[in-house]
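Engineer: These are the residues of each chain, in order.
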Amino acid sequence: MNKGNEKQKLKRYERLGALKFQKLVFLVEKGKFLILKKCFPNFIHHYDKYCDWQKKRALKRAKTEEERKAIIENTKLAKMAMRKELTEEKNRNYHMDPKRPTEIIHYLEWNKNVHKKGLMANGILIPIFLAGTILQIPLCPWLLGFEILSAAVNFECINIQNYNLCRLKTVQPALKRREEQTIQKNIEEFGEAAAVIHKSIEESESLPSFQEILDHINTPEQLRQMRAMFYREQVERQRQKQIGGK
Amino acid sequence: MNITTLVIGAASVVGIARDVYDFKKKEFREANVKNLILTTAAGAATTIAAYSLQQQSLNQIHEKYASSYVESMSDEELERALCKLDLLAASEDATKDVKTL
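Those protein sequence lines, which keep their order, are chains A and B.
Under this note's numbering, the first residue of the first sequence is numbered 1, with each subsequent residue one higher.
Under this note's numbering, the first residue of the second sequence is numbered 1, with each subsequent residue one higher.
Honestly, the hints are just simulated from the structure, not real lab data.
One thing to keep in mind: the hints can contain errors.
Said to hold, decoys possible - Only pairs whose alpha carbons sit at most 25 Å apart, straight line, appear in this in silico DSS-like list of lysine-lysine: (1) Lys23(A) <-> Lys90(A); (2) Lys199(A) <-> Lys84(B); (3) Lys64(B) <-> Lys69(A).
Treat the numbers as computed from the prediction; the structure is a model and nothing was measured.
Input sequences plus hints: build the corresponding full structure.
Structural biologist: Right, dumping it as structure tokens:
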């Protein structure tokens with residue numbers, strides 16, 4: 001019965017244009033990364049500064065040592081996540097990480113809430129600008145047009161998130177199992193090297209350089225695991241490029 | 001270790017000893033001995049399980065940060081990192097060979 005309901009929901013979302021809009025989203029995403037890399041080569045430097053500014057603000061409000069630690073760690077994770085997005089040219093809100101497939105569910109929910117709030121704002125502004133247009137107030141027709149377009153985009157974004165969430169929730173248990181198996185395998189193969197990297201990140205104010213990580217290697221096994229980890233990443237990227245046809 | 005902890009610890013040991021051994025009759029209370037062994041074994045198992053879980057959580061945190069770091073490196077940074085790792089491995093091998101000679 002549940003599967004039948006899910007199929008009906010998916011058909012509804014498709015009828016409302018989920019798949020077609022998704023193609024447009026991917027096209028815009030491609031353009032975004034092209035512009036970022038060509039016109040804003042120092043983007044990551046400015047993003048790091050923005051993260052540090054947010055961190056300072058959050059640290060002022062933090063009451064416990066645990067909160068402070070969490071804020072510092074989340075800032076480092078955010079910086080790494082943005083670098084990953086730029087390297088792969090894939091927005092984490094739109095693409096599933098094969099190593100952590102259930103992570104995207106959180107991003108989809110977050111993205112959906114952003115667009116929900118946007119749609120609510122559109123719902124308030126459209127009548128205001130409509131009234132302004134009727135009263136022939138300057139600029140109101142343009143603003144009305146903009147808000148209607150914005151509402152359409154917000155609606156389609158919510159629709160596409162619902163579509164993807166519906167698809168993922170049906171396979172979530174299998175994805176979770178796959179994720180746990182991948183993580184367990186990584187721990188067995190690269191556990192010692194991972195501990196070295198984590199220690200370097202913890203000790204560093206921001207993100208450590210690779211030389212700082214090398215300086216923390218103490219045993220031949222840590223070196224062997226680290227080489228294996230990096231080689232595997234390189235092979236995986238080459239495989240992804242071949243699949244993507246880059 | 002503070003004095004309170006020492007006092008509580010000493011009192012616990014004395015209490016258990018009195019529970020397990022009858023000082024007047026100068027013999028062990030069998031049933032209480034068995035209970036003590038079972039309780040100690042259960043306590044040890046719980047401690048080991050808690051330690052394993054904690055270690056597993058720590059391993060998962062390490063794995064998450066390490067994966068994030070490696071995935072955040074650009075292709076050029078990854079290539080340079082691999083060169084440095086290969087050089088370090090080669091120098092380790094050379095040091096081993098010298099020691100063997």
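Engineer: Quick one, are Lys199(A) and Lys84(B) close enough, alpha carbons at most 25 Å?
Structural biologist: With a Cα-Cα distance of about 19 Å, the restraint between Lys199(A) and Lys84(B) holds, given a limit of 25 Å.
Engineer: Are Lys23(A) and Lys90(A) close enough, with their CA atoms no more than 25 Å apart?
Structural biologist: holds, 14 Å
Engineer: Holds or violated: are the alpha carbons of Lys64(B) and Lys69(A) at most 25 Å from each other?
Structural biologist: holds, 16 Å
Violated hints for the displayed structure: none, as all numbered hints are satisfied.
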